[in-house]
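K.L.:
Model the full structure from these sequences, guided by the hints.
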Amino acid sequence: MPEGHTIHRLALDHSDRFVGRTVTVTSPQDRFAAASRLDGQVLSDVEAYGKHLLYRFGEAGWVHIHLGLFGKIWTKPTPLEPARSTVRMRLATIDWFADLVGPTQCMLIDADERAALFQRLGPDPLRADAVPDAAWQKLSKSRQSVAALLMDQHVIAGIGNAFRAELLYRAGLNPHVEGTRLTFAQWQMLWRDAKRMMRLGVRANRIVTTRPEDRERRHGRVQPSDATYVYRRAEMPCRRCGSMVVMEPLAGRRLYWCPSCQR
DNA sequence: GCTAAATGTTGAT
DNA sequence: TCAACCTTTAGCT
Numbered sequence: 001m002p003e004g005h006t007i008h009r010l011a012l013d014h015s016d017r018f019v020g021r022t023v024t025v026t027s028p029q030d031r032f033a034a035a036s037r038l039d040g041q042v043l044s045d046v047e048a049y050g051k052h053l054l055y056r057f058g059e060a061g062w063v064h065i066h067l068g069l070f071g072k073i074w075t076k077p078t079p080l081e082p083a084r085s086t087v088r089m090r091l092a093t094i095d096w097f098a099d100l101v102g103p104t105q106c107m108l109i110d111a112d113e114r115a116a117l118f119q120r121l122g123p124d125p126l127r128a129d130a131v132p133d134a135a136w137q138k139l140s141k142s143r144q145s146v147a148a149l150l151m152d153q154h155v156i157a158g159i160g161n162a163f164r165a166e167l168l169y170r171a172g173l174n175p176h177v178e179g180t181r182l183t184f185a186q187w188q189m190l191w192r193d194a195k196r197m198m199r200l201g202v203r204a205n206r207i208v209t210t211r212p213e214d215r216e217r218r219h220g221r222v223q224p225s226d227a228t229y230v231y232r233r234a235e236m237p238c239r240r241c242g243s244m245v246v247m248e249p250l251a252g253r254r255l256y257w258c259p260s261c262q263r
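In the working numbering, the protein residues as written are 1 to 263.
Calculated directly from the structure, the hints in this document are not laboratory data.
Hints may be right or wrong, so weigh each one.
[Stated by the list, open to error] No more than 30 Å apart at the CA atoms, straight line, and that leaves these computed lysine-lysine pairs for DSSO-like:
| # | residue 1 | residue 2 |
| --- | --- | --- |
| 1 | K72 | K195 |
| 2 | K195 | K138 |
| 3 | K76 | K195 |
| 4 | K195 | K141 |
[Stated by the list, open to error] Listed next, with one range per pair, are the computed distances between beta-carbon atoms:
| # | residue 1 | residue 2 | range |
| --- | --- | --- | --- |
| 5 | D16 | S36 | 21 to 27 Å |
| 6 | K141 | E235 | 32 to 38 Å |
| 7 | A116 | L80 | 31 to 37 Å |
| 8 | W74 | F184 | 15 to 21 Å |
| 9 | G58 | R253 | 35 to 41 Å |
| 10 | I94 | Q188 | 43 to 49 Å |
| 11 | Q105 | D45 | 15 to 21 Å |
| 12 | V131 | R181 | 40 to 46 Å |
We treat Cβ as the ideally placed atom computed from N, Cα and C, and that holds for glycine.
P.N.:
Structural data, given as structure tokens:
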């Protein structure tokens with residue numbers, strides 16, 4: 001269940017473990033037809049862009065993976081375990097194997113298709129080549145809410161429901177503010193914080209946005225759920241002001257925010 | 001054992 | 001705005 005940080009973490013881990021090695025490629029579920037074509041080839045690169053993950057096999061092309069809402073990749077050291085019937089693709093070397101389960105996308109694509117994919121994505125705060133101004137140009141001209149815009153992968157790539165809620169909270173921004181009403185300074189704050197929080201997410205391999213001082217409860221111990229300020233904290237007291245965190249449906253997703261801290 | 005929910009996106013109405 | 005798709009897990013009974 002991934003936002004951009006999960007995908008980038010996978011790209012880093014799999015670069016270390018699979019790139020430059022001869023890889024066995026199979027599809028226990030038998031729904032990835034190109035597996036047999038890639039089987040036994042050397043993996044040349046792994047790349048993440050937003051929530052998209054690409055495995056390059058030289059001239060053969062790229063395996064384009066999108067995990068969707070509940071896709072997962074399990075990476076384990078060998079010996080190989082029997083694969084579940086739901087494993088769409090298994091990559092394996094002598095030392096490691098990775099099982100892809102439940103993706104919305106797992107397809108071999110060519111250079112043109114890869115270029116087209118990147119073309120339609122906004123800048124990714126986790127990529128060194130990101131041009132944040134491309135996002136500001138779209139955002140500052142849109143009458144959509146900043147909450148909707150942060151989730152729009154054409155505007156900015158890699159942010160999902162959890163990071164959206166947390167970034168808006170940390171910026172003290174009302175999620176319903178229109179893109180056109182956002183100041184450049186507010187945008188810069190969002191972008192810089194996105195970079196910081198998502199990098200932290202890659203490192204921790206999970207989303208942690210709370211500051212240590214906000215994590216400590218006055219009378220209690222630190223809880224595992226202390227990782228976020230508002231995400232999945234509906235009806236719970238805001239860590240800073242104590243008023244109730246609100247959950248409201250927005251475009252089919254759950255939006256969490258603190259109406260008192262986010263004016 | 002059953003149900004609901006989950007860090008997502010697309011395409012039809 | 002809604003349904004469809006993909007699968008696991010937590011929280012019930």
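K.L.:
Hint by hint, say whether it matches the structure.
P.N.:
Consistency of the hints with the structure:
Distance restraint check for K72 and K195: the Cα-Cα separation of roughly 23 Å lies within the 30 Å cut-off, and the hinted pair is therefore satisfied. Distance restraint check for K195 and K138: the Cα-Cα separation of roughly 19 Å lies within the 30 Å cut-off, and the hinted pair is therefore satisfied. Taking the CA atoms of K76 and K195, the gap is about 29 Å. The hint holds against a cut of 30 Å. Pair hint K195 plus K141 holds up; C-alpha atoms about 22 Å apart against a cutoff of 30 Å.
At about 26 Å, the beta-carbon gap between D16 and S36 stays in the expected band of 21 to 27 Å. For the pair K141 and E235, the supplied restraint of 32 to 38 Å holds, since their beta-carbon distance comes to about 36 Å. At roughly 35 Å, the beta carbons of A116 and L80 sit within the given window of 31 to 37 Å. Distance hint check for W74 and F184: the Cβ-Cβ separation is about 43 Å, which falls outside the suggested range of 15 to 21 Å.
Between G58 and R253 the Cβ separation comes to about 39 Å, which falls inside the hinted range of 35 to 41 Å. Between I94 and Q188 the beta carbons are some 47 Å apart, a value that agrees with the proposed interval 43 to 49 Å. Between Q105 and D45 the beta carbon distance is about 18 Å. The supplied range of 15 to 21 Å therefore holds. At about 23 Å, the beta-carbon gap between V131 and R181 misses the expected band of 40 to 46 Å.
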